[in-house]
Every structure is written in C-alpha cells, then in structure tokens.
Amino acid sequence: MVLSTALGVLGTAAAAQEVNVVSWGGAYEISQVEAYNKPFTEATGIRVNMIAADNPATPLKAQVEARNVTGDVFDVEVSDAIRLCDEGALVEIDPAILPPAPDGTPAVEDFIDGALMDCAVANIFWGTVIAYDTTKFEGEAPSTAADFFDLEKFPGKRGLPKNPKRTLYLALIADGVPADEIYDKLGSEEGVAQAFAKLDTIKRDVVWWEAGAQPVQLLADGEVVMATGYNGRFFDAIVGEGKPFEIIWDGQYMDLDMFVIPKDSPNPEAAIEYLKFATDTQRLADQARYIAYGPARKSSAALVGLYQDGETEMAPHMPTNPDYLTTAVMDDPEFWADHDAELTERFNSWLAAN
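Throughout the sequence shown, residue numbering follows our numbering, covering 982 to 1335 in sequence.
Honestly, I wouldn't trust all of these hints.
Claimed, not checked - Each computed DSS-like pair below joins lysine-lysine, with the alpha-carbon atoms no more than 30 Å apart: (1) Lys-1244 - Lys-1042; (2) Lys-1184 - Lys-1224; (3) Lys-1184 - Lys-1138.
Stated by the list, open to error - Label pairs and their in silico Cβ distance ranges: (4) Ala-1333 - Asp-1202: 20 to 28 Å; (5) Pro-1303 - Gly-1223: 22 to 30 Å; (6) Glu-1023 - Gly-1120: 47 to 55 Å; (7) Ala-1334 - Pro-1020: 44 to 52 Å; (8) Ser-1124 - Ala-1333: 29 to 37 Å; (9) Arg-1185 - Asp-1075: 47 to 55 Å; (10) Arg-1185 - Lys-1019: 42 to 50 Å; (11) Gly-1069 - Ala-1322: 13 to 21 Å; (12) Thr-1086 - Gly-1286: 14 to 22 Å.
The hints are simulated quantities; they were obtained by calculation from the structure and are not laboratory data.
From the three backbone atoms N, C-alpha and C, an ideal C-beta is built for every residue, glycine too.
Between the sequences and the hints, there should be enough to build the whole structure, so can you do that?
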C-alpha cells in the first residue's frame, strides 16, 4: 500500500478531524507538541492526540497483530522501522509527496543520508550520551567513556539502559576500541566477550533503566552519580530545569527517529498530512528550539537558532556538532537486524547471572 495521493489540507480536514500520534513522552513530546502539533491544528483544524509509550514500536506491532490499530503516526527508531516495514506492518511513503526545501530542492535531496526509507521519514538525529551530577565530584570530573567505568577514581552508582544496543558498544569504547571498529568487534565472539568483561567491572553498581525519563530522575534523586540517556532529556534538565548535570559526549551513540504510518490506521489521510507538515524544513528547525536534537533536513540547519529561553544557542548542544562526532557510533540497523536476537538473549542471561 502506497500513500502517495497529495490530498489538500482542507480536504483532509473535512475527512478526518483528528490524528493519533504515538511518541516517547517527556521533553521530546513537548517539543513535538509545540513545533508540530499546535501549528498543524491551527493550519488544518485537525486535532492531534498525543500518546506516550516507552517504545512506540511495541504498541504499533501489538496493534497490527491484533488487527486493532488505533494509532495513526508512530515515532520509532530506524531498526524498528526497517523490521516493521519488512513484516508488512507499515504503509510505503512516496518521498515525492514530501514538501521541498524553501529553495525548491526536492525532499529526497534535502534529507540527510539515511533519513528516508520505503516506509519511514526521519525527523531527528539524537544521541545516547553520558551525564553526571557535578555536585558528586570534587576536583577532577569525569570526561570520557572510560571514566564511566572507573569506580575507583569516580565512585558511585551508574545508570544504564537494560538493552545490549546501548551498553555493549559503550563498554568497548571505554575499553579502547575505536568507534569505527565497534560493529566488527560486536560481530565476533571475541569482541562480545570483551564487552561483557568490561560490563562485569561495574555490574554490581549499575541501576538499570527502561524508559527515557528514568536516567534524568535517577540523577536528580541521587540514586546514581552518572547515567547514560538521551541527550535531549539531559539538555532539558540542565538548561530547562537548572539541574547540576554535565554531558560527556565521548562515545555517544547516534540514531535517527522515524515517523511511520501503520496499515489500517484509523485516519490515514490525516496521518499523511501530519507527516508532511511535521517534516518540512521550518517545523524541523522549530523543534530544535525546544530540545537538543538535530533536524533530519539539511535546509533546517541554518534556521536552528536559540532555545525557547531566548538566550541559549542550540547548535553547540546538538549531537551532530562536529566536535562530538570523532568518537560517535552511528546506529547500524542492518547489524542489529542480524544480531539483535542473539545479543539480547545473551545480555538477558548475563543480567540474570550472579
């Protein structure tokens, strides 16, 4: 099924008066409400219902399998978009229907490489990074991925996500493996064993998290002194809430978030109009006023300005800042399509072991 009919906004508004968008909640959801949803409703009259999920791909798959789809647009990670598309759960999206850049450049040329797929359109680049509580360290502060694993020099609990994708790579970075060799290592028994051996060194001091808001809360509550989490959430805590945190960009894990539309969504015409609106140049730039995630369009970069406080320049806080890319690891969805099941099983067994 290909959603390629360029219905007019007014016609769509008459056909459906709402669209259900499933996203990740928290500061990220707020950025989408302000940059996408409010102006979309103002322009079309279509109400946007936001629904939060720890991982929107999970309810999407469940709804499709139950043949009871209630969401129209889901915000998912690249690997989930590929998998769900391959499984036939998503509609295909013709990039020709997406709005061009302000100078007329077609969308297919304006989106950053990897941001357009058969069934998905990206909106942001984001990073999983390390943050620490500055009040917990006197004198020298941690500054590298290796410091995250150094309990002697920087004592205290650590917060890590309960999944292999964003833990195994970090262990290897901390153990001296260059960013461009991470997937070669994780594709070998020797490399996987090396990663788990490194994780063993802090296992007893780890607090595991599963939802994006948790690492910020763990730091704020003093349950951990360092945690990995989404850079935009940490930015919001630091700049928006004045928390005494600092971000360590060494060894960040970069990924894209993609908008997808499930087959049999209740409001398919409104869904495609929302997707087109939310991924135009101005809307993607506007989102960066509210959270430190990089727009997926090239033409949006020049329009990224100040945070909503009117003072903070956003460019230095973007995961795509060139200064932060030297040790960054970009998500490889093909690798995880091949290895996710086996590494997840091994990770869960490791967690359960004493």
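Here is what the structure says about each hint:
Restraint check for Lys-1244 and Lys-1042: the C-alpha separation of about 11 Å stays at or below 30 Å, so the hint holds. Proximity of Lys-1184 to Lys-1224 is assessed by CA-CA distance (about 27 Å); at most 30 Å being required, the pair is judged to hold. A threshold of 30 Å between alpha carbons decides the hint, and for Lys-1184 with Lys-1138 the separation of about 10 Å falls inside it, so the pair holds. Under the hint 20 to 28 Å, the C-beta atoms of Ala-1333 and Asp-1202, about 26 Å apart, fit the expected range.
The supplied range of 22 to 30 Å is met by Pro-1303 and Gly-1223, whose beta-carbon atoms lie about 28 Å from each other. For Glu-1023 paired with Gly-1120, a C-beta distance near 52 Å keeps the hint of 47 to 55 Å intact. Distance hint check for Ala-1334 and Pro-1020: the Cβ-Cβ separation is about 51 Å, which falls inside the suggested range of 44 to 52 Å. The given range of 29 to 37 Å is respected by Ser-1124 and Ala-1333, whose C-beta atoms sit roughly 33 Å from each other.
At about 52 Å, the beta-carbon gap between Arg-1185 and Asp-1075 stays in the expected band of 47 to 55 Å. Between Arg-1185 and Lys-1019 the beta carbons are some 46 Å apart, a value that agrees with the proposed interval 42 to 50 Å. The beta-carbon spacing between Gly-1069 and Ala-1322, approximately 19 Å, falls within the hinted interval of 13 to 21 Å. Range check, Thr-1086 to Gly-1286: Cβ separation about 21 Å, and the 14 to 22 Å hint holds.
Checked against the numbered hints given earlier, this structure breaks none of them.
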